[in-house]
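Enquirer: One letter stands for each residue in the lines below.
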Amino acid sequence: MVDALVQLLDATIRVSVPLLLACLAGLYSERAGIFDIGLEGKMLAGAFAGASAAAVSGSAWVGLLVAILTAVFLALVHGFASITHRGNQIVSGVAINFIAAGSTIILGQAWFQQGGRTPPLSGPARFEPIILPGADALRDVPVLGIIYSELLSGHSLLVYVAFLMVPVTWWVLFRTRFGLRLRAVGENPAAVDTAGISVTWLRYRAVILTGVLTGAAGAYLAVAQNAGFVKDMTAGKGYIALAALIFAKWKPVPAMYACLLFGFLDAASIRFQGAEWPLVGRVPVQLINALPFILTVILLAGFIGKAIPPRAGGVPYVKER
Amino acid sequence: MSAPFARLPRWADYGLVPVINLFVAFLVAGVVVLLVGENPLEAAGILVKGAFGSGQNIAYTLYYATNFIFTGLAVAVAFHCGLFNIGGEGQAYIAGLGVALVSLGFDSVLPWWLTFPLAILTAAAMGAAWAFIPAYLQAKRGSHIVITTIMFNFIAASVMVYLLVGPLKPASSMAPQTRDFLDGAQLPKLGWLLEAVGLSVRSAPLNVSFLLALLMAWVVWVLIWRTKLGYEMRTFGFSPKAARYAGISEARIIVVAMLISGALAGMMALNPIMGDQHHMTLDFVAGAGFVGIAVALMGRSHPAGIVPAAILFGMLYQGGAELAFEMPNISRDMIVIIQGLVILFAGALEHMFRPAIQTIFASISPRSMGVPAPKGKGA
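For the protein sequence lines, the chains are A and B, in the order given. So in our numbering, spot 290 of the first sequence is number 290, and the numbers just go up one at a time. Counting the second sequence from 1 gives a position; our numbering is that position plus 321.
Any given hint could be a false lead.
[Stated by the list, open to error] Pairs of lysine-lysine, DSS-like flavour, derived with a Cα cap of 25 Å: (1) A:K319 / B:K562; (2) B:K461 / B:K562; (3) B:K370 / B:K461; (4) A:K249 / B:K549; (5) B:K549 / B:K562.
[What the hints assert, rightly or not] Under 10 Å between C-beta atoms, here's a sample of chain B residues computed to sit facing chain A: (6) V357; (7) N360; (8) L362; (9) L435; (10) L439; (11) L442; (12) P455; (13) T469; (14) A478; (15) A615; (16) I659; (17) G661; (18) I664; (19) A669.
No wet-lab data here; the hints were simulated from the structure. This structure is a prediction, so every number in the text was calculated from the model and none was measured. Quick reminder that beta carbons are idealized off the backbone N, C-alpha and C, glycines included.
Could you put together the complete structure from these sequences and hints?
Expert: Next comes the structure, spelled out in structure tokens:
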């Protein structure tokens, strides 16, 4: 019983990580007043670039770096369109999703000739699981032993980084001057401007952070969780992260819980596929897959608290006319 | 940048600027072709030939264009009301359920010319119904329509997968699709139109829903520019505040605009299901709902722009298939990139080249700016 539960939670952690990284990525951007529905595209492009670079160089670290650079580039395109040229942020995000979806397939096929896959990664080209000290020794301790050795130990570096990013993000946003300004620029850019701080530069820094984290999310997918890129491997995770962000009302710690909840649904839907439940019978797997989206709509409808986005979100800032 | 944008002549505003944006989008797409190691000009040649080279190719191009006219109009109607309907994909998918149910129910009883109107109404109603909830939530609860329509796309996909692998699948079959429709639910082809001018179309699936799409383009034009409702929608899209002062009900106009938008997106389902495959398959929408965004942006939300933009994307779809055949490094996914680039340059970066164009215009012919030149009010 404990075994099964630990396995389920272990799987939950694994599938939550890309959601969490993407969700925190969106948090920086949206808190600065730049809506970003291009999380999916940046994550996908990051995954492809990361897997390609890791395959060519044989180093997972090079993969991570290239994944981040690629995602940052797309984030800057989004910034260029929505900050510099005051374009529609939603339109720009949609465009980035398509560009990423198409080019990962085209370039993948042209470069590697494996039907859109990148060559399988192994050894140092992947982020290997990290065994925490004493994990093997403590394995036989009842309950706590298995929790430590299975649930906490044995994940790749990016998993620990992702969860570490939660307090870090909280600290950056709520305890630093940069964070205060970042939040201010998402609520009232005119006030920030009046204080003599560049709205443009602040927002650009926010979208760059978004790029870094989505790139890391992509690298996790292709270089740590899986051994290479397969076409359309994000499969809507960017949108689930967006849903989680709304669900968490644009706050870092609730964002982690939301991602864990959606990750748990995903892990459970795989594990209990076709299982019979008392009272309800067999729950269709499609229902569980759709649950994050349904929950978000119910939340947005105002039935579970109220999700209030940053006030200046989606509105390009015009200094003066 | 603090100077107000000077006015360009209408032909430049509606013709030149979009053409330049489009040109840049294709230029970047050409760079991708280069990255893949092929010659972009050669690729463009094969693409155009693949789209218009024979009667059959033209018929296929128009068949794909039919889908995009519907979805493009859907996005455009919502745009006019200041709403961004990303949910065309899901609305069309759910509408397919209506088309399939009408077809399955009546194909053995009624002739096609009775099934077709029934299917049109059902498709429109189902598409509108799927758009209704996001519209209602936006109007009454202020939930952002972009987010809710995205969520509804995923929910629609789950619902349809559930139905197609379960209740709608004939017991004898393994494939996740409905049974084949009988003659009563198969739309007549339009091949004779092209054959009349001496072209051979063979089995191309161009069918009467193309005419329905053109009719709808006209209807949308009448609706937006010639009716009170359209005027209200444009007013609300232009300035919600002004609309409120004019006594236009915010909730009503949002819901009505989204219902029309959803209905138009829903009608897209007729073309592949009744016009071509004669059964409903998994994922028959195949991204057409999203192409509609590019089409509407390119056509500047005007039916006279949407129809050619849809034909252009039809050309990319059909020509792209031929291209994949000739250049194995380029698959049809190239279109997804082009679509993204068109959305980026014609949508998000719409105004990037405008100041430069205005400067050029001002220096060539100050009078064309519509402002006195000596005062130096050019961009």
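Enquirer: Look at each hint and say if it fits the structure.
Expert: So, going through the hints one by one against the coordinates:
no. : hint            : in the structure
1   : A:K319 / B:K562 : 22 Å, holds
2   : B:K461 / B:K562 : 16 Å, holds
3   : B:K370 / B:K461 : 51 Å, violated
4   : A:K249 / B:K549 : 39 Å, violated
5   : B:K549 / B:K562 : 18 Å, holds
6   : V357            : 4 Å, holds
7   : N360            : 14 Å, violated
8   : L362            : 18 Å, violated
9   : L435            : 34 Å, violated
10  : L439            : 28 Å, violated
11  : L442            : 27 Å, violated
12  : P455            : 8 Å, holds
13  : T469            : 6 Å, holds
14  : A478            : 8 Å, holds
15  : A615            : 8 Å, holds
16  : I659            : 8 Å, holds
17  : G661            : 3 Å, holds
18  : I664            : 4 Å, holds
19  : A669            : 4 Å, holds
The earlier numbered hints that this structure contradicts are 3, 4, 7, 8, 9, 10 and 11.
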